[in-house]
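There are 2 protein chains.
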Amino acid sequence: MERIIAKYYIETPYELEKAAAVLAGEQSSGTFVAVPGETEELKQRFAARVEKITPMESVSEPAIPGATAKPGAMYHRANIEVSWSIENFGYNLPVMVSTLQGNLYEITQFTGLKLMDIELPSSYADNFIGPRFGIAGSKKSAGVEGRPMIGTIIKPSIGLSPAETAALVKTLAEAGIDFVKDDELQSAAANSKFEDRVDAIMRVINDHAHKTGKKVMYAFNLSDEVDNMLRRYEYLVKAGATCAMVSINSVGLSGTKKICDQGELVIHGHRNGWGMLNRHPLLGIEFPAYQKIWRLAGVDQLHVNGIANKFWESDDSVVRSIEACLKPLFNQQNPIPVVSSGQWGGQAFETWRRTQTTDLLYMAGGGIMAHPDGPTGGVIALQQAWEGAVKGLSLAQTAQQYPEFGHSVEKFGNK
Amino acid sequence: MERIIAKYYIETPYELEKAAAVLAGEQSSGTFVAVPGETEELKQRFAARVEKITPMESVSEPAIPGATAKPGAMYHRANIEVSWSIENFGYNLPVMVSTLQGNLYEITQFTGLKLMDIELPSSYADNFIGPRFGIAGSKKSAGVEGRPMIGTIIKPSIGLSPAETAALVKTLAEAGIDFVKDDELQSAAANSKFEDRVDAIMRVINDHAHKTGKKVMYAFNLSDEVDNMLRRYEYLVKAGATCAMVSINSVGLSGTKKICDQGELVIHGHRNGWGMLNRHPLLGIEFPAYQKIWRLAGVDQLHVNGIANKFWESDDSVVRSIEACLKPLFNQQNPIPVVSSGQWGGQAFETWRRTQTTDLLYMAGGGIMAHPDGPTGGVIALQQAWEGAVKGLSLAQTAQQYPEFGHSVEKFGNK
Chain A
1 MERIIAKYYI ETPYELEKAA AVLAGEQSSG TFVAVPGETE ELKQRFAARV
51 EKITPMESVS EPAIPGATAK PGAMYHRANI EVSWSIENFG YNLPVMVSTL
101 QGNLYEITQF TGLKLMDIEL PSSYADNFIG PRFGIAGSKK SAGVEGRPMI
151 GTIIKPSIGL SPAETAALVK TLAEAGIDFV KDDELQSAAA NSKFEDRVDA
201 IMRVINDHAH KTGKKVMYAF NLSDEVDNML RRYEYLVKAG ATCAMVSINS
251 VGLSGTKKIC DQGELVIHGH RNGWGMLNRH PLLGIEFPAY QKIWRLAGVD
301 QLHVNGIANK FWESDDSVVR SIEACLKPLF NQQNPIPVVS SGQWGGQAFE
351 TWRRTQTTDL LYMAGGGIMA HPDGPTGGVI ALQQAWEGAV KGLSLAQTAQ
401 QYPEFGHSVE KFGNK
Chain B
1 MERIIAKYYI ETPYELEKAA AVLAGEQSSG TFVAVPGETE ELKQRFAARV
51 EKITPMESVS EPAIPGATAK PGAMYHRANI EVSWSIENFG YNLPVMVSTL
101 QGNLYEITQF TGLKLMDIEL PSSYADNFIG PRFGIAGSKK SAGVEGRPMI
151 GTIIKPSIGL SPAETAALVK TLAEAGIDFV KDDELQSAAA NSKFEDRVDA
201 IMRVINDHAH KTGKKVMYAF NLSDEVDNML RRYEYLVKAG ATCAMVSINS
251 VGLSGTKKIC DQGELVIHGH RNGWGMLNRH PLLGIEFPAY QKIWRLAGVD
301 QLHVNGIANK FWESDDSVVR SIEACLKPLF NQQNPIPVVS SGQWGGQAFE
351 TWRRTQTTDL LYMAGGGIMA HPDGPTGGVI ALQQAWEGAV KGLSLAQTAQ
401 QYPEFGHSVE KFGNK
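From first to last, the protein sequence lines are chains A and B. The first sequence begins at 1 in this note's numbering and counts up one residue at a time. The second sequence begins at 1 in this note's numbering and counts up one residue at a time.
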């Protein structure tokens, strides 16, 4: 019978074998005392199995509190692998998450536990379609080839009217932008009703497409309750929109999958709230595991922060996240990594050097909107940055050859 | 205009006022550079506002990594309050969560950030019904008055067939149990199809109700994708079930609310995954804030761990969680606190002493199923424990007067 394997990074004041066995017991057939009915046959079929324990360093202070340990105890770290038969939960994503990421974080035997990766059996490919559009579909829809999609976020995050937003989109479209998105804080503010914003923006985008053949992709934030999201989705389809944005952590797995399953729009998965799940090195979940869950749900575009971002995340972690999105999962479409946070074009060089890919949605907010030559200059500067980077030019060489990117460097280069 | 207030416990190497201002800016109209369109009028209407800063202790080591701080910096802790106009997101729960719990956890100015509580404006009462059943509806449905509902979890968590599960439910019903639930790991295992389990169990429960007038509440774990949950919900209603269980973190906010909105079944909200969101003292969310979000979604029963539980959570935290559920929110029904984890009746005394309430769903898994006199003895022992506690007897006195509880003490008293 096929099994799902979860890889954890753990810390425990107990023997590693014992702590791992508690995890496996708690998350399958065990409880705190033996109970009638827990037969050998049942255990054989449904018990989680500790597959592998790789001891790592030991430390003298626990990473997170709540363990029962003797004074002076050492805390042992390890990478462990635990497996479950797919007979336990089949192809039910929420129950898979409850099994792999449920009560185990509360177990006193651990002073640290992070889900690092998941290995899915091949039958999952028959039960989950994955991203309908992914990299190829996103780029094709926006008419982009041979370079990253260049995108931006409407800023100020919240407060602009539909007309003001549409005017900005017009400027950006004329500047050659590929992608624009609502901020995750904006869905339907008092002065920007969702439908009004769609009408105003799609008028601009459809006009521009009619004139130029290029349809700018706009990710409208439809995050809300299920029925409202479905209503908004239909509205978007009728208006000729190509993309919808979901704040995946806030909406949750079942709601997000319901939206992905509609299959007509590219789904932009915004991971706001991610810091809560990931920032501690020994609590929560790492992106390689996280992105697999959302790929199964069908998300087409996934945020990964960016090189030298304004947030806490390290470049190494960002590079790992980009690589995770670009690794194959069965024969499914790959989600396009959404590079964002404090980006202005200067990071294109290091991003290219470390990932050697243009299969990115490369987003700049302030980096475009606050460009010295205005948003038009901002879009051009980003295209120039990537052109330079892929050609093998340095940042300085690119700044010299391309005036708009040069102005970016003057304004943002010391950030 | 009404405002929503969020209370955070923060840690920062920066001046408290500066760090708080960054949070407010990031989560409303600001970005990393000033942008055109960010007018004073717009800021006035949509900017988040730092309402209050209460400095706390300073420490020499950061609680979580990722901050940009000078070597030797001190890390200042504070309770802060930030408010947003409801014009920003209205009555959209996912966008409210993205605003109050979104990118802010990734801000480098913080080395710790926890959402402690939320104050909701009164217009929320007109837009969210809250729990349809709550404490009163749950107790009434199960025929319980003047004492906690006594419940148990089917153990082994996973592996029993529908017939085996139903046989156990029969034993428990005859012993006088009020409530039984699926484990969160069990929804539809290979040997326990959801519908088959419903058929087998509801036959027992309906028979028992027919004979005795008492309908045992069974929380069937319908957690899954939205359409499957709705299908299962309908199946439950037709079968005469009174309750459905949702793993709220795994299913997510939109999916859970969709289920609560059906309004015919009591919704048992299982918070597995909670440790990931809460275990670190300076990362994530505290229960007083968390439970409000799920009350707005309409969850009727909410897990709070229990006194002397088998997990990491302290008694103080459990008591605070019970109190949070019992505090009024508008004029809505209160969710019934689900006390569980390592409970066997011995904790009834301390639970009563500290909360003085019987408005609880008091759950014991192994504590009932592994009772020396069998599950029947386990149920009786729990009722006796609560009877003794409410009468003002001590554990020892209750053990002496009531034989089944006495046997519990012999078996579990040293745990």
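I should point out that these hints are in silico values taken from the structure, not numbers from a laboratory. All C-beta atoms, glycine included, are put in the ideal place defined by N, C-alpha and C. Among the hints, erroneous ones may be present.
[Stated by the list, open to error] Restraint-style ranges between C-beta atoms, simulated for each label pair:
id, chain 1, residue 1, chain 2, residue 2, range
1, A, Gly240, B, Gly263, 32 to 40 angstroms
2, B, Asp199, A, Gly213, 41 to 49 angstroms
3, B, Lys52, A, Asp199, 34 to 42 angstroms
4, A, Ser394, B, Asp126, 20 to 28 angstroms
5, B, Lys391, A, Lys18, 49 to 57 angstroms
6, A, Asp196, B, Asp126, 20 to 28 angstroms
7, B, Pro281, A, Arg320, 22 to 30 angstroms
8, B, Ser317, A, Asp207, 50 to 58 angstroms
9, B, Glu51, A, Thr54, 28 to 36 angstroms
[Said to hold, decoys possible] Derived list of chain B stretches under chain A, where covered just means 3 residues or more per stretch with a C-beta under 8 angstroms from a C-beta of chain A:
id, stretch
10, 138 to 147
11, 243 to 251
Verification of the hints:
no.: 1; hint: A/Gly240 with B/Gly263: 32 to 40 angstroms; verdict: holds (36 angstroms)
no.: 2; hint: B/Asp199 with A/Gly213: 41 to 49 angstroms; verdict: violated (58 angstroms)
no.: 3; hint: B/Lys52 with A/Asp199: 34 to 42 angstroms; verdict: holds (40 angstroms)
no.: 4; hint: A/Ser394 with B/Asp126: 20 to 28 angstroms; verdict: violated (60 angstroms)
no.: 5; hint: B/Lys391 with A/Lys18: 49 to 57 angstroms; verdict: violated (41 angstroms)
no.: 6; hint: A/Asp196 with B/Asp126: 20 to 28 angstroms; verdict: holds (23 angstroms)
no.: 7; hint: B/Pro281 with A/Arg320: 22 to 30 angstroms; verdict: holds (28 angstroms)
no.: 8; hint: B/Ser317 with A/Asp207: 50 to 58 angstroms; verdict: holds (57 angstroms)
no.: 9; hint: B/Glu51 with A/Thr54: 28 to 36 angstroms; verdict: violated (49 angstroms)
no.: 10; hint: 138 to 147; verdict: violated (count 0)
no.: 11; hint: 243 to 251; verdict: holds (count 4)
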